[in-house]
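Chains A and B, in that order, give the protein sequences.
When the first sequence is numbered by full-length UniProt numbering, its final residue is 766 and no position is left out of the sequence of numbers.
When the second sequence is numbered by full-length UniProt numbering, its final residue is 766 and no position is left out of the sequence of numbers.
A few of these clues could be false.
Here are a few chain A residues that sit away from chain B, every Cβ distance over 12 Å (derived from the structure) [what the hints assert, rightly or not]:
1. E32
2. E135
3. N179
4. R209
5. W307
6. V354
7. T370
8. S404
9. E412
10. D426
11. V438
12. I469
13. D686
14. T699
Residues from chain B shown here face chain A by an in silico Cβ test under 7 Å; the list is partial [as the list claims (entries may be wrong)]:
15. V39
16. R42
17. E138
18. H177
19. R381
20. V438
21. F512
22. H514
23. S552
24. Y555
25. R682
26. N683
Think about it this way: if two alpha-carbon atoms lie no more than 25 Å apart in a straight line, the pair counts; the simulated SDA-like pairs of lysine to any residue are [to be verified]:
27. B:K662 to B:H733
28. B:K377 to B:D592
29. B:K486 to A:P646
30. B:K65 to B:E214
31. B:K366 to B:D592
32. B:K662 to A:N683
33. B:K486 to A:F249
34. B:K662 to A:A660
35. B:K527 to B:E758
36. B:K486 to A:V657
37. A:K377 to B:D292
38. B:K527 to A:H689
39. A:K377 to A:A409
40. B:K180 to A:A409
It should be emphasised that the hints constitute simulated quantities derived from the structure, not laboratory data.
Quick caveat, the model's predicted, so the values are computed rather than measured.
Cβ atoms here follow ideal geometry from the backbone N, Cα and C, with glycine treated the same way.
Letter by letter, the chains look like this.
2 protein chains.
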Amino acid sequence: MDVLATADAYWRAANYLSVGQIYLMDNPLLAEPLRPEHVKPRLLGHWGTTPGLNFCFAHLNRVIKERDQDMIYICGPGHGGPAVLAHAWLEGTYTERYPEVSQDADGMRRLFRQFSFPGGVPSHAAPETPGSIHEGGELGYSLAHAYGAAFDNPGLVVACVIGDGEAETGPLATSWHSNKFLNPRRDGRVLPILHLNGYKIANPTVLARIPEDELLKLMEGYGHRPHVVAGSDPAAVHEAMAATLDTVFDEMGDGGRPPMIILRTPKGWTGPHEVDGLPVEGTWRAHQVPIDDVRRRPDRLAMLEEWMRSYRPHELFGEDGRPAPEILSTVPDGPRRMSANPHTNGGELLRPLVLPDFRDYAVEVKSHATSPTEPTKVLGRLLRDVIAANSSAFRLMGPDETASNRLSAVFEVTDKAWYAATLPTDEHLSPDGRVMEVLSEHLCQGWLEGYLLTGRHGLFNCYEAFIHIVDAMFNQHAKWLESSQKIGWRRPIASFNYLLSSHVWRQDHNGFSHQDPGFLDVVMNKKSSVVRVYLPPDANTLLSVADHCLRSRDYVNVIVAGKHPVLDLMSMDEAVAHCTRGVGVFDWASNDEGAEPDVVLACAGDVPTLETLAAAALLRGHLPELKVRVVNVVDLMRLQPSSEHPHGMSDAEFDTVFTADKPVIFNFHGYPWLIHRLTYRRNGHDNLHVRGYREEGTTTTPFDMAMMNDIDRYHLVMDVVDRVPGLGATQAHLRQHMADARLRCRIHTREYGEDPVEIRDWAWPY
Amino acid sequence: MDVLATADAYWRAANYLSVGQIYLMDNPLLAEPLRPEHVKPRLLGHWGTTPGLNFCFAHLNRVIKERDQDMIYICGPGHGGPAVLAHAWLEGTYTERYPEVSQDADGMRRLFRQFSFPGGVPSHAAPETPGSIHEGGELGYSLAHAYGAAFDNPGLVVACVIGDGEAETGPLATSWHSNKFLNPRRDGRVLPILHLNGYKIANPTVLARIPEDELLKLMEGYGHRPHVVAGSDPAAVHEAMAATLDTVFDEMGDGGRPPMIILRTPKGWTGPHEVDGLPVEGTWRAHQVPIDDVRRRPDRLAMLEEWMRSYRPHELFGEDGRPAPEILSTVPDGPRRMSANPHTNGGELLRPLVLPDFRDYAVEVKSHATSPTEPTKVLGRLLRDVIAANSSAFRLMGPDETASNRLSAVFEVTDKAWYAATLPTDEHLSPDGRVMEVLSEHLCQGWLEGYLLTGRHGLFNCYEAFIHIVDAMFNQHAKWLESSQKIGWRRPIASFNYLLSSHVWRQDHNGFSHQDPGFLDVVMNKKSSVVRVYLPPDANTLLSVADHCLRSRDYVNVIVAGKHPVLDLMSMDEAVAHCTRGVGVFDWASNDEGAEPDVVLACAGDVPTLETLAAAALLRGHLPELKVRVVNVVDLMRLQPSSEHPHGMSDAEFDTVFTADKPVIFNFHGYPWLIHRLTYRRNGHDNLHVRGYREEGTTTTPFDMAMMNDIDRYHLVMDVVDRVPGLGATQAHLRQHMADARLRCRIHTREYGEDPVEIRDWAWPY
């Protein structure tokens, strides 16, 4: 039989199944005339994009079979659920993953009924969907995901259908440039299919309404060879698409610019032309449910039945509901099916990282808090050897900040991926580089998501303030993981690791716009099964935390660690013990000697920890009788109740560390209320006083930044003095002394433009 | 004198002043040989982009003078502070705004010293910078800001210099398409100047390394007429730039595609060629401070002095430090100076909105909570008349969701702005439309920021979950406002108003990816002087809140309000009183009759309020003796202590409403811990139990969503039963009864795909 007729049959079958999912809860094969009770009471789902998606599936399957091509499919347009589910069911994968949705009439009924139904499946491509690594809800990330999947996967083609609505988003608009970061000798290929159906929810799309020569220039300007497939007559478009795909797959190997396809077909193609005298097919009215009120209006019911029968279901399915042999003949074998390709269930392909022993990178610490080290610089050495040992399964992402974040050791073994022109003066650029630098946090995030979801490993280093740029993408990835953890067949993938360096306390030179530690608040809104936040205070703890994160699965790990010198606090053995506990007393900085202290100085984050240690030293000098306990928190989740987070401490543990009733001055890296939010149920909460960033900043010195937000050593001492009872006359005297010290520092910085030398030395006299 | 020689003199003066700001704290005119103590101890600032920015200033000033052109300048590249400050000082504006920085030698010394110095000014274009509406810290928003400034400003040209680093970001990549939304008959013009200096911090840029024909096609594909100005020989580039600007300004009036300029000059142009044998000018090494360690190394000091003297300062400034007459002759007059153009201090131009009386749109409420209304639909009528009454000073932004958010009444008086092709089937598209719809939250946000900062008004309506896409932009705008409020000459501008509709509780049909109320947590991290959050529970309260927000200045107002029918709770008079108080007791739903209640049911948000009312009704039926007080919170900031927020209640007020020691079940729209964070210092906090979104969701029914997160009426009753002491046997019985009701609802939805009719009716039996 003619291959295009077969593709058309597959397409009709997929379209039929798509309409059925949107509308029906019974009578899936239309074995009897459609009655109102066969129709769902709530009609939820989106038809507009679906026939175009189905069309692509039909044609890509032919290519897969003819060329034995390893290929996956990314469904960019929103609400493509009916299409990807129809496809997975036709390929048999859906039934393999969910046996109750069998490949027969009863299974078809279940497939229809469950769609957008309580207790059923979402209306987008989602974690529940076999063959998907991309959620179709929030738009803009399909092409970045496609490139992430293609990196280090030679032989793989990632077909990425991009909706013309989605194409208006910023992240998608810059994703086209990803082709300058893909090395065709090392990586797979991305085939963008820009699907112009002309409309988004209620409006035409920009790319569908600019002149075609402008659109072609745009795609050429993005570095692609565009091919247009356009029309509304199925037979003609089938022919054009088949011929174009043959051309395009040939071009992929010819060393020229990467090809892409512009597919211009009507929105809601093959659906109702008109409803109530208004045009539907080919307009925005086809976006969602093109015929509504079907249960109550017999004319609408008839219209729906006519529409469904227009696909000639009796030719496509047997009486038992099984797809006809002709259709099954188009389905590729086993893992070649796009719905079953193992790249789309990355955990199946995941190999553990080969990790050197992080202890080998330890900074030698002879005594606590005497020598200074730049923590991220030390981490850079570990990452260097991780990259060297995992030459095709680890990438380091950063928006042009890898060197700025002091991770430059990685350039001893690799370069920055670059597939555009180079100049003799360039350094560390190469098509084979494993560091991905582009000034787009969206691309860094999207690439790494795609890379991890297909079973590899990585880390994203970023300025802390600007990680907010990807808040929404983080949310969606966390939601993906939250859902995936409940799906048996989804195998765990490597965690998404953030390293936030160049953080709020050392953006003193870049000023107010670079000072925002609020990403932690966004992260902590997601489920405790998914999110982890670490604030290692020195180099050895950073190494220990990083090793833990790189080994973990299915989490989002956020590590906040500075690039500037901080004092080495712990030997590696101590660091491992401290990080394992997640929170602990610095005995060497405390003088409570195991007894109940008069006050607890708690801290989380490198700069707050140093200021806390300095405050403890000041207190020891000025109030030697005062029993001070210094507590450091590395793992922020430890503060939560054990009922809320698996890392959470029991109340008894919490009281042992923080006391149940003594004043606690908590010096925190981020916005102070995050600590209150985590601890409000604790016994000692009423005695907890938190310092942190309170949105004060400018271009000034590091210590002036601390003073502007009252996290500095002097203010901490003032806080202690204010809160510990019974200090008598000492109180006023010491308070004034500290206020004077602050004033002296401020005057010095205003005069000389730098902090006084005793501050710059970070000296801590123990 | 030759006009290009004059432009060159201006350029050299600006470059001299720029280098001076980065390096010197004394000896500004090099009146004596440079000594180490003249140099700042911390060298902070960015040279790389500066000479290009200065070059543009010099040439645009010529155009302004020759054509009497109204023009403002947006400085997109990061860290352009030295350039914009030099320019404002040369134009005299800086001295007008900050008299102590006089236009003489002493003023020059202050100008230099204050830059990136403690107590001084930031290293970016910032609110402190005269002539700026754009912060240069976080990159990507310059072009969107430029279009926002140009809308409804016929006659104005917004020159927008775009850095090639910035051009890699997603928001910038899609901003080019803004030209499809600008109507040259109604709006001003945007002149994009893509400045390719070739490098970002440590890498080449993409657009500088693609072939020139590709770059030209890209710009043509974006709908522009590109003009290239390239070179490193100043004389030749001066000539080319002058000729090109003449062409470009002629083209702006010829009805063709909007022109743009590609300016290709070396990074750190005119700076040191080489330092320590490594090339600097024309490489990424020129990005920040090209010569460091100047205080300690005499050879470096000499190099700096030679560099500064290469600009021939004695020709540019008098011995008194005043700019030479030749340079002053290039400065436009008064408000034509780009540093003094009133559009850049929008508050100067701001006119109050003509606002109809919002009471005229009131829904008639004969009895509390009986009739249903779609709140945003009612708001749409008010917005319609706001648009009609303010035909050139109000715009409504939305990412293709204005109709979906039920604001369609606006289309009775206006259309959607659209300057691309149209089809006969299109509706409500017009070049004159005042609704801006594009599927990019970044563009909506950036356009509205630019529009407000230049003295106009607007509102951004968005799906709640996807507003996270602009978290980072919100942060930066809030920081701008925080800083602006402290700057005397910056006049207040209209507030940025968000309407978050299609919120978490009614995204049941779109599923988990559309469910995220966390933007409120991001907002609440910013200063209390700037942020306001409102959760009106019905149509009349929404009207009252919206009126208040549209009248306010210098805030970010977030309004969360649903588009689905909710019960009308209050007459307009009651609504005004309730919104004025911000928090209040619903007497009509309570039975404590002014006495101390047994339990308080508090709520914030429309769906949580309805469930709370239903819970109160259930309690009245089942436990008529129980004294229940229903409290509703409209203004979230009221919960904070009065010391933390100007809207905050005193503890006494709080106790009067919430009691000091009775159980409070708080049903909240968002993540529950936000309420704890706001109230942890209150007396009754230990008795406060908060329900809210706990990250559970999928595609299901509205009530099933409520049940998944335990905010439903039945669970609230269970919460009451669990927390009110002394209920005896009633407790277990009622608890079981409620659990049974939940189970029945769940079974019903799983069976029929919709909520039971008694839930769908939203009936509340009072």
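Hint by hint, here is what the structure shows:
1. The Cβ of A:E32 sits about 20 Å from the closest Cβ of chain B, beyond the 12 Å cut-off, so the non-interface label holds.
2. Under the 12 Å C-beta cut-off, the non-interface status given to A:E135 relative to chain B is violated; the minimum distance is some 5 Å.
3. Distance check for A:N179 against chain B: the nearest CB is about 10 Å away, which does not clear 12 Å, and the non-interface claim fails.
4. A beta-carbon of chain B is positioned within 12 Å of the beta-carbon of A:R209; the least distance is around 4 Å.
5. Every CB of chain B is more than 12 Å from the CB of A:W307 (nearest about 20 Å), matching its label as outside the interface.
6. Consistency note on A:V354: stated as away from chain B, and its beta-carbon is indeed over 12 Å from all of that chain's, at 28 Å minimum.
7. At the 12 Å boundary, the C-beta of A:T370 stays outside the reach of chain B, the nearest C-beta of that chain being 25 Å off.
8. Under the 12 Å C-beta cut-off, the non-interface status given to A:S404 relative to chain B is violated; the minimum distance is some 6 Å.
9. No Cβ of chain B approaches the Cβ of A:E412 within 12 Å, the least distance being about 16 Å, so the stated non-interface status holds.
10. The claim that A:D426 lies off the interface is violated: its Cβ sits roughly 7 Å from the closest Cβ of chain B, which falls inside the 12 Å cut-off.
11. Look at A:V438: its CB is around 6 Å from the nearest CB on chain B, not clear of 12 Å, so calling it non-interface is violated.
12. Not every CB of chain B lies more than 12 Å from the CB of A:I469, the least distance being 4 Å, so the non-interface label is violated.
13. A beta-carbon of chain B is positioned within 12 Å of the beta-carbon of A:D686; the least distance is around 9 Å.
14. A:T699, annotated as away from the interface, has a beta carbon of chain B within 12 Å; the closest lies near 5 Å.
15. Look at B:V39: its Cβ only gets to about 10 Å from chain A, farther than 7 Å, so that hint breaks.
16. Interface restraint check for B:R42: the shortest CB-CB distance to chain A comes to about 5 Å, inside 7 Å, so the restraint holds.
17. Here the hint on B:E138 is kept, as its CB sits about 6 Å from the closest CB of chain A, short of 7 Å.
18. Hint status for B:H177: holds, given a least beta-carbon distance of 5 Å to chain A, under 7 Å.
19. Annotation: interface hint on B:R381 violated; nearest CB of chain A at approximately 19 Å, more than 7 Å.
20. Annotation: B:V438 was flagged as interfacial toward chain A, and the flag holds, the nearest CB pair being 6 Å apart, inside 7 Å.
21. Taken as an interface hint, B:F512 checks out: its beta carbon lies about 6 Å from the nearest beta carbon of chain A, inside 7 Å.
22. Residue-level restraint check for B:H514 holds (minimum Cβ-Cβ distance to chain A is 6 Å; threshold 7 Å).
23. For the restraint placing B:S552 at the interface with chain A, the shortest Cβ-Cβ distance is roughly 20 Å, beyond the 7 Å limit, so the hint is violated.
24. Taken as an interface hint, B:Y555 does not check out: its beta carbon lies about 15 Å from the nearest beta carbon of chain A, beyond 7 Å.
25. Given hint, B:R682 at the interface with chain A, is violated; its Cβ is 11 Å from that chain's nearest Cβ, farther than 7 Å.
26. The criterion of a C-beta within 7 Å of any C-beta in chain A is not met by B:N683, whose closest approach is roughly 11 Å, and the hint is violated.
27. Under the criterion of a C-alpha separation no larger than 25 Å, the hint pairing B:K662 with B:H733 is consistent with the structure, at around 23 Å.
28. A C-alpha spacing of about 35 Å is found between B:K377 and B:D592, which places the hinted pair above 25 Å, so the restraint is violated.
29. Among the hinted pairs, B:K486 with A:P646 is inconsistent with the structure: their alpha-carbon atoms are about 45 Å apart, more than 25 Å.
30. At roughly 35 Å between alpha-carbon atoms, B:K65 and B:E214 are farther apart than 25 Å, so this suggested pair is violated.
31. Proposed proximity of B:K366 and B:D592 is supported: the alpha carbons are some 23 Å apart, at most 25 Å.
32. For a cut-off of 25 Å, the pair hint linking B:K662 to A:N683 stands: about 19 Å separates their Cα positions.
33. For the given pair, B:K486 sits about 60 Å from A:F249 by alpha-carbon distance, which is inconsistent with the 25 Å threshold.
34. Between B:K662 and A:A660 the alpha-carbon distance is near 24 Å, which keeps this suggested pair within the 25 Å criterion.
35. Taking the CA atoms of B:K527 and B:E758, the gap is about 44 Å. The hint is violated against a cut of 25 Å.
36. Restraint check for B:K486 and A:V657: not satisfied, since their Cα atoms lie roughly 42 Å apart, outside the 25 Å limit.
37. Using a Cα cut-off of 25 Å, the hinted pair A:K377 and B:D292 holds, with the two alpha carbons roughly 21 Å apart.
38. At most 25 Å may separate the alpha-carbon atoms for a hinted pair to count; B:K527 and A:H689 meet this at roughly 19 Å.
39. For a cut-off of 25 Å, the pair hint linking A:K377 to A:A409 stands: about 7 Å separates their Cα positions.
40. Between B:K180 and A:A409 the CA atoms are separated by roughly 46 Å; this puts the pair beyond 25 Å, and the hint is violated.
Going through the hint list in order, the structure does not satisfy hints 2, 3, 4, 8, 10, 11, 12, 13, 14, 15, 19, 23, 24, 25, 26, 28, 29, 30, 33, 35, 36, 40.
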